[in-house]
Every structure is written in C-alpha cells, then in structure tokens.
Amino acid sequence: MSSHDPAQMRPRRFTANGPLRGRIRVPGDKSISHRSIMLGALAVGETRVTGLLEGEDVLSTAAAMRAMGATIERDADGMWHVHGVGVGGLLQPQAALDMGNSGTSTRLLMGLVATHPITATFVGDASLSKRPMGRVIDPLSTMGAEFTASPGGRLPLTLRGISPAVPIEYRLPVASAQVKSAILLAGLNTPGITTVIEPIPTRDHSERMLRGFGAELTVDIADDGARVIKVRGEAEFKPQDIVVPGDPSSAAFFVVAALLIEGSDLVVENVGLNPTRAALFDVLRLMGGSIEELDRRDVGGEPVADLRVRHSLLSGIDVDPAVVPSMVDEFPILFVAAALAKGRTVTTGLEELRVKESDRISAMRAALELAGATVTETEDGLIIDGTGGDPLPGTAEGASVVTHLDHRIAMSMAIAGIASKRGVEVDDTRPIATSFPVFESLLEGATR
Numbered sequence: 000m001s002s003h004d005p006a007q008m009r010p011r012r013f014t015a016n017g018p019l020r021g022r023i024r025v026p027g028d029k030s031i032s033h034r035s036i037m038l039g040a041l042a043v044g045e046t047r048v049t050g051l052l053e054g055e056d057v058l059s060t061a062a063a064m065r066a067m068g069a070t071i072e073r074d075a076d077g078m079w080h081v082h083g084v085g086v087g088g089l090l091q092p093q094a095a096l097d098m099g100n101s102g103t104s105t106r107l108l109m110g111l112v113a114t115h116p117i118t119a120t121f122v123g124d125a126s127l128s129k130r131p132m133g134r135v136i137d138p139l140s141t142m143g144a145e146f147t148a149s150p151g152g153r154l155p156l157t158l159r160g161i162s163p164a165v166p167i168e169y170r171l172p173v174a175s176a177q178v179k180s181a182i183l184l185a186g187l188n189t190p191g192i193t194t195v196i197e198p199i200p201t202r203d204h205s206e207r208m209l210r211g212f213g214a215e216l217t218v219d220i221a222d223d224g225a226r227v228i229k230v231r232g233e234a235e236f237k238p239q240d241i242v243v244p245g246d247p248s249s250a251a252f253f254v255v256a257a258l259l260i261e262g263s264d265l266v267v268e269n270v271g272l273n274p275t276r277a278a279l280f281d282v283l284r285l286m287g288g289s290i291e292e293l294d295r296r297d298v299g300g301e302p303v304a305d306l307r308v309r310h311s312l313l314s315g316i317d318v319d320p321a322v323v324p325s326m327v328d329e330f331p332i333l334f335v336a337a338a339l340a341k342g343r344t345v346t347t348g349l350e351e352l353r354v355k356e357s358d359r360i361s362a363m364r365a366a367l368e369l370a371g372a373t374v375t376e377t378e379d380g381l382i383i384d385g386t387g388g389d390p391l392p393g394t395a396e397g398a399s400v401v402t403h404l405d406h407r408i409a410m411s412m413a414i415a416g417i418a419s420k421r422g423v424e425v426d427d428t429r430p431i432a433t434s435f436p437v438f439e440s441l442l443e444g445a446t447r
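Note that numbering that gives the first Met the number 0 has the sequence shown beginning at 0, numbered continuously upward.
These are computed hints drawn from the structure, not numbers from a lab.
Given the structure is predicted, the values throughout are model-derived calculations rather than measurements.
Don't be surprised by glycine CBs; every beta carbon is placed ideally from N, CA and C.
Check before you lean on any hint, since a few could be wrong.
Claimed, not checked - Only pairs whose alpha carbons sit at most 25 Å apart, straight line, appear in this in silico DMTMM-like list of lysine to aspartate or glutamate:
# : residue 1 : residue 2
1 : LYS355    : ASP56
2 : LYS129    : GLU145
3 : LYS129    : ASP223
4 : LYS129    : ASP222
5 : LYS420    : GLU396
6 : LYS341    : GLU356
Stated by the list, open to error - Cβ pair distances, simulated, as ranges:
#  : residue 1 : residue 2 : range
7  : GLY17     : SER361    : 55 to 65 Å
8  : THR141    : GLU233    : 11 to 21 Å
9  : THR217    : THR141    : 17 to 27 Å
10 : ILE192    : PRO320    : 29 to 39 Å
11 : SER140    : ALA6      : 11 to 21 Å
12 : GLY17     : GLY152    : 50 to 60 Å
13 : THR141    : ILE220    : 21 to 31 Å
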C-alpha cells in the first residue's frame, strides 16, 4: 500500500449528515481473534468463535493452524468452528507457513511451534520480512528451539522445535505483548513452570484467554512493580465458546462522533473494555462525555459492555501521560474531540506517535489546522484550543487533508468532517479498507 500514485487515490469529502442514532456493532478485536483460533486449535473438541475479525492477518493464523492439523471452518452464519489437536499435538506442516503481513501471527506461532517436535518455515510479505524476530528467537532458543533465520533475525526463517523443552524464567528487555505471549504459548507444552517477568505491563489478552481455556496461570506483582506471569506446562485445554468483543479502537471513532454531534444518542454494542486498551473512554468521561456502560459482562475472561453515547459539550483537560500505553492508537480521534471542546486540551508523553504508520503528531496538527482548528505542536504532543462545541469550519474547496496512507488519520478526519460546517476533504480513503472495511457504511447507517 505504499503507492502514492494520484491515479490510485480515492479522495472523499466527509460532510455533516445529522445525529448518530440507533445501535451499531463494530468489527471484532484483532488481538483476541488471533488468540481464539490458536488456542482453539490446541483444545481437544470443538471451539466455536462468533464475531471473529475476518481480516487477512487473522486468516493467516487460521491457515497456519490448519497446516498443523487443526480443522477450521466458517459456517454460513459467520460462526467459526475449530476442532483442535490438543496441546502437544501440532503436526509437521507440509509447506512453508505464509504469514502475509501479520507480525502477531508470526511471533505467537513461533512460540507455539518451538516446543513441539516439528520443523516449520515462516515466510511473509515484503513489509513483514523487514521486521526483526530476534526478540522472540532469543528466549525460545534458551528453551531449546533452533533457528535458521535470514540476516538480522528476519523472515524467511526455519524453526526446529524441541520436546520436551526447558522451562525458563525470562525478563522482557522490551515491553511487548507479542514476545510475552510467544513465551507463554511455548510454556504450554513444556514440563514445569515457565515464567515471564514484565517490567512494564502490556495488553493481557493472552493471560485472560489462556485461563479461559484451562491453563494454570498466575500473575503476581513483584516488589519493583513488575508483573510476574507463570504458566504450568503440559496443560489440557477445554474447548470454549468465544464471542470476540468489538475492537475498542474501532468503537472510538463512533463514540467521539456521537459525543460531538448534536442530537446524537447511539449504542455501540459489544465493546471490549479491557483496561489495557480502553483508557480513551475514561478520558472522554473526564472531559464531560456521556458514555454509559449497559449490560457489563465477562466474555472469555474479557470485560465487555454496550456503550450508550449521547451528545455532550466536552471541556478541555490536561491528559495524564500515564494513560498513553492504554490508548496510544486513540490519540488521533481524541485530538478531534479536543478540537470541539470548551477550552484547552494539553497532551504530553506522545513521542511514540511519531513512529507509527506516519508521524501522527505532525500529521494530525496539519490536518486539524486545515479543517480550521487551533493547534500547537510540541515535541511530545499537541495543545488544542477547542471551538466550545461549535462545528469546525472544515477544509476549503480544493484543500485536502494528507493522510500519509495512515488509516487512523483518515478515519479521525472523516469524523472531523461530519462535525464541521462545510466538510473535510480526505486525500485517500483506501487505508480505511485495510483496517476497518465497513467504517464508511456504518457511519452512513448511524447518521440516517
């Protein structure tokens, strides 16, 4: 998708279309979708998964688990049926496992394969083949697996698993949910107890779902505040019925739109509210947003609720940098909310946004200024002086926001457009299709 060829670009002007009402459901969470297929493939019996995110990354995971012996089928109603092989039961794949563009699939599956007596070759597309796998290779080698990787620890790589493997205690040098998960998955088929020490907490979907399937897993907090996660190997998994929660990052766009647009009263159903992911909703409530949790429930170890969102006049705040890890991808849409708030919003501690799909700090400053917002860029964030609830002016005729092929900038500015007087022109809507193909039709349905 690196093509900036103007002939390929799909520009669109997003304009005010009235309040958002009724009920909508956003696509399933990608992290949980990957794990439900993998863990279902390790249970004996049938795991049923509803609401799976059927994107290319998750389908890469399903194809790999099929290649190692699991039976995975989707029925006409969109429910996925996974018949697993049991922990320790993965079979030798007959061909290389093609991971497409999915770093999550690659790193988690390396963990699974490492402690099975099989050999697997992992390949990926050009972009995935640039990404280093050394951070997973190091701990898995210590457990006894052997690797032949391309230079720099990259794909294509061949992994020779070992069984029985050696349980390890591993302190993560870099905060990474993928590395943590890879080691915990390797520990499932390793006799004894595998320990991961996490100095900085990361999303905990793996821990929650491993427990749900029946793994003996404990989490303790050490004296220095690190999380100490232990899993007992040679686990026996029981099949589960999983309803994948709606992705909080996808829900975020509709929640902000309903807060900003007068007369809105929208219910976003089945939103995952894992505290390592959902801080945006707390920040919006601090700004005065009316976001009510209906029917809060626990699904597969994950907290879920339906969110009822009503139009609210937001007030600017200083956002505590401590929330950054649990909403790092939601700042672009928070900036849009701040642009229509009363008073000033100050964000700091956002250095990581400069190295996402684009430099999201300067890209969002430029985009919001073009739409008529008052924004100051700092080294590690934005300072935004809001309109006091009035719609943004919008972009002038012939001026379009540059999205840098970044899906979150495209969707955030689409929401700015429906909360503006004359609309916002987005230079290219193609990136939206990669991460959230039904975004535009959901938006149209909610404003009808």
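Hint-by-hint comparison with the structure:
1. LYS355 <-> ASP56: 18 Å, holds
2. LYS129 <-> GLU145: Status holds; Cα separation ~21 Å.
3. LYS129 <-> ASP223: Violated, because 35 Å separates the two Cα atoms, which is more than 25 Å.
4. LYS129 <-> ASP222: 38 Å, violated
5. LYS420 <-> GLU396: 13 Å, holds
6. LYS341 <-> GLU356: 30 Å, violated
7. GLY17 <-> SER361: 55 to 65 Å: Once the Cβ atoms are compared, 33 Å apart, the range 55 to 65 Å for SER361 and GLY17 is violated.
8. THR141 <-> GLU233: 11 to 21 Å: 19 Å, holds
9. THR217 <-> THR141: 17 to 27 Å: 21 Å, holds
10. ILE192 <-> PRO320: 29 to 39 Å: Between ILE192 and PRO320, where Cβ atoms are some 35 Å apart, the hint holds.
11. SER140 <-> ALA6: 11 to 21 Å: 47 Å, violated
12. GLY17 <-> GLY152: 50 to 60 Å: Holds - the Cβ-Cβ distance for GLY17 and GLY152, about 52 Å, lies within 50 to 60 Å.
13. THR141 <-> ILE220: 21 to 31 Å: About 24 Å separates the Cβ atoms of THR141 and ILE220, which means 21 to 31 Å holds.
Of the numbered hints given earlier, the model fails hints 3, 4, 6, 7, 11; all others are met.
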